[in-house]
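Residue numbers (the working numbering), protein chains in the order written: chain H, 1 to 315; chain P, 1 to 131.
These are calculated hints, taken from the structure and not from any lab test. Nothing here was measured: the structure is a model prediction, and the numbers come from that model. Every residue, glycine too, gets a C-beta built ideally from N, C-alpha and C. Just to be clear, a hint being listed does not mean it is correct.
[As the list claims (entries may be wrong)] Take a look, some chain P residues computed to stay more than 12 Å from chain H by CB distance: (1) E22; (2) M23; (3) Q118.
[To be verified] Each pair of labels, with its calculated beta carbon distance range: (4) E168/H <-> A105/P: 34 to 42 Å; (5) N65/H <-> K4/P: 37 to 45 Å; (6) S231/H <-> E111/P: 22 to 30 Å; (7) K97/P <-> T186/H: 45 to 53 Å; (8) S30/H <-> E30/P: 35 to 43 Å; (9) A3/P <-> E168/H: 51 to 59 Å; (10) F130/H <-> E32/P: 50 to 58 Å.
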Amino acid sequence: MGAQLRAIRGRIRSTKSIAKITKAQELIASSRIIKAQQRMQAAGPYAREITRAVSALISHHPTVNHPLLTEKADGNRAAILLLTSDSGFCGGFNANVLRESEALVAKLREEGKEPVAYIAGRKGADWYRFRDRPTEELWSGFSAQPAYVNAEEVGHTLVEAFRTPAEEGGVDEIHVVFTEFVSMMTQRPQVIRLLPLEIEEETEEAAEEAAAASGASDDSGPLPEYEFEPSPEAVLDALLPGYVQSRLWNLMLQSAASELAARRRAMKSATDNANDLIEVLTRQANQARQAEITQEISEIVGGADALAESNAGSE
Amino acid sequence: MAAKLQVELVSPERRLWAGEAEMVIAKTPEGEVGVMARHAPVFGTLVDGSVVRLKGVEDGDLYAAVYGGFFSVAENRVSILAEAAELGGEIDIEEAKTALERALASNDEDEVAKIEAQRAKARLRAAGHEA
Chain H
1 MGAQLRAIRG RIRSTKSIAK ITKAQELIAS SRIIKAQQRM QAAGPYAREI TRAVSALISH
61 HPTVNHPLLT EKADGNRAAI LLLTSDSGFC GGFNANVLRE SEALVAKLRE EGKEPVAYIA
121 GRKGADWYRF RDRPTEELWS GFSAQPAYVN AEEVGHTLVE AFRTPAEEGG VDEIHVVFTE
181 FVSMMTQRPQ VIRLLPLEIE EETEEAAEEA AAASGASDDS GPLPEYEFEP SPEAVLDALL
241 PGYVQSRLWN LMLQSAASEL AARRRAMKSA TDNANDLIEV LTRQANQARQ AEITQEISEI
301 VGGADALAES NAGSE
Chain P
1 MAAKLQVELV SPERRLWAGE AEMVIAKTPE GEVGVMARHA PVFGTLVDGS VVRLKGVEDG
61 DLYAAVYGGF FSVAENRVSI LAEAAELGGE IDIEEAKTAL ERALASNDED EVAKIEAQRA
121 KARLRAAGHE A
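My request is simple: use the sequences and hints to build the entire structure.
Here it is in structure tokens:
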């Protein structure tokens, strides 16, 4: 009996230290998530301005063409960029991204395209390595707190790959699998096509405004008719990679916030479960302790009885 | 007193500065552009490692070192979108000096070193030190 009590107490101790660790992880994630959300907001003005500029340029110079905008006709190599986390303890965050990416890979294969994997985050890289799948490029070390230079690096690599012809190891389109930060409680894995750029999407807002002011001539539209310095082509050439990076930056920030939210939730439920377990184990320990005491008493009483009986017999 | 420009200096990571200025001077690959109120809409690229001057800000002039990016002018609003930027007051002069020396010391035809040197010079100029 004593052995059982000791075993239960040992389990209580270890469960308590697990709860301490998960609680700490939860608190760390909650404090970082606020910072991540602030960074998402801080990135807003730049993203808005650059989107506006691209929309203005393209709507006023519809004849301008750029390799990043044009669909490659016979494209058969498609890059997918996975935004996964570096560390675990974040529930289904990576599993969801990887599941979404597998669906995308299957879809691309069906269309006769060969998927090429670019992976950010150690977990995604491990997943690919474990399955012996080839990867084109790996990045890690910034998943929860990305810096703009990371977005620059990834964006640069992807744009370069897109500009290289497929025969020389380039790609014809680029998809990104990331986790959309809907709210503190909801994060959704999403797939978007980064390149070639889809213009409808980015001019959505402008189109709405233009629709509101319909009937008037083009000049009174919401977007100012910029003069481009030095020339529309040169500006577009510089602007589009910046725009791609800015979008990528936004996706990275969203993924980071989602990762932290997922971690906070996973760690909160782990802490709750550990506390429940401690309660159950404490009850069991009390029961075991009482059973032990009861047994000891009955042993003593039984012993005393036996002694009294033997004494009575001898007299 | 002429009308003022609403100026916004933003980098992808944060908004560095926002406020009013009388004149904005930026450097494009074709030369310097000065923008005052009621300027026609312009969109241009900024030279990597140049200084943007904001004149007639509340407390004098404001200088910022920018490392690539764009600026847009429309309806008395100027947005400076720098891929990275530092305000003159935030620059560590000693560090900029050592960065410049390091870049000049490498002294080859390396593109990276050239840009580094240009950036360091821009930082010093923005901080009010002539390189």
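Hint check:
1. E22: E22/P clear of chain H: closest Cβ-Cβ about 21 Å, beyond 12 Å.
2. M23: Its Cβ never comes within 12 Å of chain H, the nearest being 17 Å, so this holds.
3. Q118: For Q118/P, whose nearest Cβ neighbour in chain H is about 17 Å away, the distance exceeds 12 Å, so it holds.
4. E168/H <-> A105/P: 34 to 42 Å: The hint (34 to 42 Å, Cβ to Cβ) holds, given that E168/H and A105/P are roughly 37 Å apart.
5. N65/H <-> K4/P: 37 to 45 Å: holds (39 Å)
6. S231/H <-> E111/P: 22 to 30 Å: The hinted range 22 to 30 Å holds for S231/H and E111/P, with Cβ atoms some 23 Å apart.
7. K97/P <-> T186/H: 45 to 53 Å: holds (50 Å)
8. S30/H <-> E30/P: 35 to 43 Å: violated (50 Å)
9. A3/P <-> E168/H: 51 to 59 Å: holds (54 Å)
10. F130/H <-> E32/P: 50 to 58 Å: This hint holds: roughly 56 Å between Cβ atoms.
Hint compliance for this structure: hint 8 alone is broken.
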